[in-house]
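Student: Chains as they are written, first to last, in the working numbering: chain A, 1 to 173; chain B, 1 to 415.
Simulated from the structure, these hints should not be mistaken for lab results. Don't take each hint at face value.
Simulated DEER-style distance windows between Cβ atoms [claimed, not checked]:
id	chain 1	residue 1	chain 2	residue 2	range
1	B	Asp-152	A	Asn-160	28 to 36 angstroms
2	B	Lys-154	A	Leu-93	25 to 33 angstroms
3	A	Asn-160	B	Asp-80	37 to 45 angstroms
4	B	Gln-146	A	Gly-129	23 to 31 angstroms
Heads up, the beta-carbon is just placed ideally off N, CA and C, and yes, glycines get one too.
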Amino acid sequence: MSVSNWVADPGHSYIEFSIFINGEVPRQVYFRKMAAKLNLNEDFEKSELQLQWVTESVDSGDKGLDKFLTSSDFFAADKVPSLKFLSEKISKLSETQFGIRGTLNYGDHDEPISFNTRFDNNIVVQEDGHKRTGLYLSTQVDPKMFGINNRAINFDKGINIEVELEFLQKPQA
Amino acid sequence: MANSNWILDKSRSNLRFKVKHLLVASVQGEFKDFDISVSRNGKSFSDVEIKLEIKTDSINTRLKKRDDHLKSRDFLDSEDFPVMSFESTGVSEYKENGYKISGNLTIKEVTKELTIYAQLERSQDYEVFGNLAIEANISREEFGIQWNNLVDEKWPLVDDTIKLYGNICLLRDFKIDKVQGLAGRADIYGNNNYQVYSAKSGKQNGSFAWFQLRSDTSHWIFGNCTGDSEETHYRSLKTKLYVENLAKEYEHIISPSQFLRILHFAVQDDSFLTKSSYDNNTYSLDCSYFMIDKKVKKIKYSSARLTVLLLKNSGLKLYPKNNISMGFPYYNIGQLEDHSFSYESGDTLVVFNEELIRQNGGAGGKKLGAKSVANLLSENKLKDWGNKTKHIEKVLAKWVGEGTLDDIIVAQVKL
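Next comes chain A alone, as it looks inside the complex (with noise of 0.2 angstroms):
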C-alpha cells in the first residue's frame, strides 16, 4: 500500500467553531492560523491525520468577542498557544463517511475526540504537476473539555467544531 504525503492549502481550508453562549445566537468563529497534514494510505482507514490552529489567531469578526475568546475564561491563548489534534484510529463507515478517532491536546489536557469524515478520494491534477484532494470533518465537544466554566457563562449545547480541508501535494522531483 502506497503512502503519499499532503499538506492543507490554508487558502482553501478553514476550521471553525459554532459556541452558544447565555443561551442567545450561535457564534461562529475560526482561525486565522491553520495547518495539517495528512498521511493519504490507499487504504484511508490507514491513513494519519495531524491538525494544528493557533488559540490567537481565533476571529468572529467582534473584537470584544475575540478578546474574551482568548482570555482566561474561554481559550486562555496565553497560556495554551495551540491545540493540536492526531489520529489514532480512522473507520469506514460507508464508501465515502468515515469515523476519525484521535487525541486533542490542549495544554497540559489531552481528551479524546471523534470527527464525522466525508472523504471523496477524489484527487485533482493542476497543469502543473500539483495535486489537491479534501476531507471534511465535524464534531460537537463539551465546552468543559477544554476548561471552560466560567460562572458568567451558560453553554446551552456543545461546541460545534467544522473542518475543510483542502490538501496539497507538491509534484515529484
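Please build the complex by placing chain B on the supplied structure of chain A, with the hints as guidance.
Tutor: Using the frame of chain A, we list chain B on its own:
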C-alpha cells in the same frame, strides 16, 4: 405583535456561503455588509415580509486576491452592481418553527425565484428577538455568472452551486429612551411619566445605572443599583459605562439578555479595580428588568433585590422579589425568576431598593420599608415637581438611622 418591525442585530448575525473548489473541498466566505428588514402583519411568522440587501463589495473569503476576482466582472461586478437583493413573496411553515421563504433574488439585474429555508429560534426573550438560521442553494449560472476553468479536463475550479447560509438575529425595533444613572450622588430626575430618586449620605456611595426602552407596544426598564461600599460605586459606574457604550455601538439596539450579560460581566470582572482597600465590605447589585406590555396591560419582571409595588388609586400591592445576593462575596449569581401581574391605566409601577442594614429611623426606629415608601409616593402624587422633591427630602430625613441614610433608589413609571 401585529404590525411590528424587526431589525437586524449586526453584531450577532452573519451571512455566509460555501462553494466547492475543484469538487474536493469548499471555500467558505461571507458578506460583511448586509441588512434585512422584517415587517410583521399578523400573529405568526408566516405573515412577515422580508427584504434583504447585500453589498457585493463586502464579500470576504479571507484571501484578497480571490476577493478581488469575485468582485470583478467575472463574478459579482461590484462596481456596476453594488447590491444584490431578496424580497419575499410568501412564507409558509413546513415543520415546527421551520419556514420556507419564497421570493425573488436579484443579482446583476437578473431576477430569479429563490426559496430560503429558515429555522426560527426564539430565546426566552422571544418578545424581543428571534434568530433565523437560514439556508438556500443558488445556481450562479442562472444569474449569468458563468466564469470557470476545468482542471484535469473534468474538475470545475468553481462549482455552479453556491450554498448561502447564516444566522440572522432580529430585534424588535426598540428605541433607547434614556440612559440614566449617576454614581455616588443624590439626585432626582424624570418627567410626568417616570421619576427616579436616589439618595446617599456623605459617608457612602449610593449608585446605580438605569435605563429604559420603548416601542409602540411595550416598554422595558432595566436597573442596576446600590451597595454600601466604594466598590459598588465603581461597579455600578462601570455598568453604566458599559450600557452607554453599548447604546452608542448598537445605536438603538439592545435586548434584555444582552443587558443581563453585561451585568454578569460587570459583577464578575475584577480587572476594573487594580487595588482594593474595601475587602471588609460587602455589597450587592441588583439585576432587574420589567417588560410592560401595553397591549394586554401586563407587567413581566424579574428582579434580584428590588421591591416591586403597584400603586393604584385604591392603594398599593406588593409583588415578590428573588432576594438573590449579587456581588462580592456572593459571586454565585442565582437564576432570576420571572413574575407577572396585570395593571390598569393610571396605575404607577414603583421599584424600590435600599441596602444598608443600619438605616433604622422614623418614628419607631424601623428600617425604611416598602409600605412607607408607598405612602410617601401616595402623599406626593398631586404635588408639583419642586414640592415633590422637598417632600421626599423631608420624609427621608426622618429615616436617618445611625447617622446615615443612603443607597436608596425609588423609581416609578406611570402606566
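Student: Going through the earlier hints one by one, which of them does the structure break, listed in rising order?
Tutor: When the structure is compared with the hints, none of them turns out to be violated.
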